[in-house]
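> Sequence:
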Amino acid sequence: MSNTRVICAVSFCLALSLCTGTLVSADIYRYVDKNGVWHFTNIRTSSKKYKLYIRTARKTPSEYIKKYDAIITRASRQFGVKSSLIKAVIKAESDFDHQAVSHKGAQGLMQLMPDTANEINVKDPFDPEENIFGGTWYLSQLLKRFNNDNKLALAAYNAGPERVEANQGVPPIPETKAFVKRVLDYYQLYNASAE
21 MSNTRVICAV SFCLALSLCT GTLVSADIYR YVDKNGVWHF TNIRTSSKKY KLYIRTARKT
81 PSEYIKKYDA IITRASRQFG VKSSLIKAVI KAESDFDHQA VSHKGAQGLM QLMPDTANEI
141 NVKDPFDPEE NIFGGTWYLS QLLKRFNNDN KLALAAYNAG PERVEANQGV PPIPETKAFV
201 KRVLDYYQLY NASAE
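All residue numbers for the sequence shown refer to the numbering used here, where the first residue is 21 and numbers rise by one.
Keep in mind that a hint or two might mislead.
What the hints assert, rightly or not - BS3-like, lysine-lysine: derived pairs with alpha carbons at most 30 Å apart:
#, residue 1, residue 2
1, K124, K201
2, K171, K111
3, K71, K164
4, K111, K54
5, K201, K171
6, K111, K71
7, K69, K86
8, K87, K171
9, K197, K111
10, K164, K197
11, K68, K54
12, K87, K71
Keep in mind the hints are simulated off the structure, nothing from the lab.
Please work from the sequences and hints to get the whole structure.
Below you can see the structure in the form of structure tokens.
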């Protein structure tokens with residue numbers, strides 16, 4: 021398919037999404053079929069054929085974040101994990117975007133991998149309540165496994181508990197080190213704002 025046709029197709033999809041009312045997200049997904057025809061949609065699909073093609077920037081105003089407060093508070097109480105830590109994980113993982121999908125396939129607010137979501141009985145990882153409850157339960161198990169050491173539990177959340185145990189600490193993986201630091205920075209911020 022020529023570059024001009026691709027640009028026209030993407031431009032058309034974006035224009036169409038702008039004309040259909042309130043724009044929440046204008047992400048565009050695409051796949052190329054066996055005949056080389058490109059297919060586009062702005063609707064997230066469970067089909068593995070479609071890959072994220074264009075991601076629009078999202079803002080996270082405090083009103084948007086606050087809509088999850090009641091769910092976070094309930095999950096915090098049920099699983100004994102501080103709500104400020106849950107918020108910090110959500111902020112670092114998805115920036116409070118309940119439809120977030122990482123390049124590795126992690127999904128939803130707390131970026132659950134499909135296998136993890138399946139193991140912990142999360143049927144719809146894009147449902148905020150299911151995702152927060154599932155992710156918080158998983159985080160609570162990691163905190164227990166690592167004697168309530170936030171740093172190790174967060175490293176395990178990102179890289180897997182086996183890697184943390186094998187390294188007897190945070191694995192020397194740049195992404196994991198950056199994730200732990202980012203979550204702990206947000207954790208301090210949310211703790212300070214709660215006081």
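> Of all the hints numbered above, which does this structure not satisfy? Sort the numbers upward.
As far as the earlier hints go, 3, 4, 7 are violated by this structure, in ascending order.
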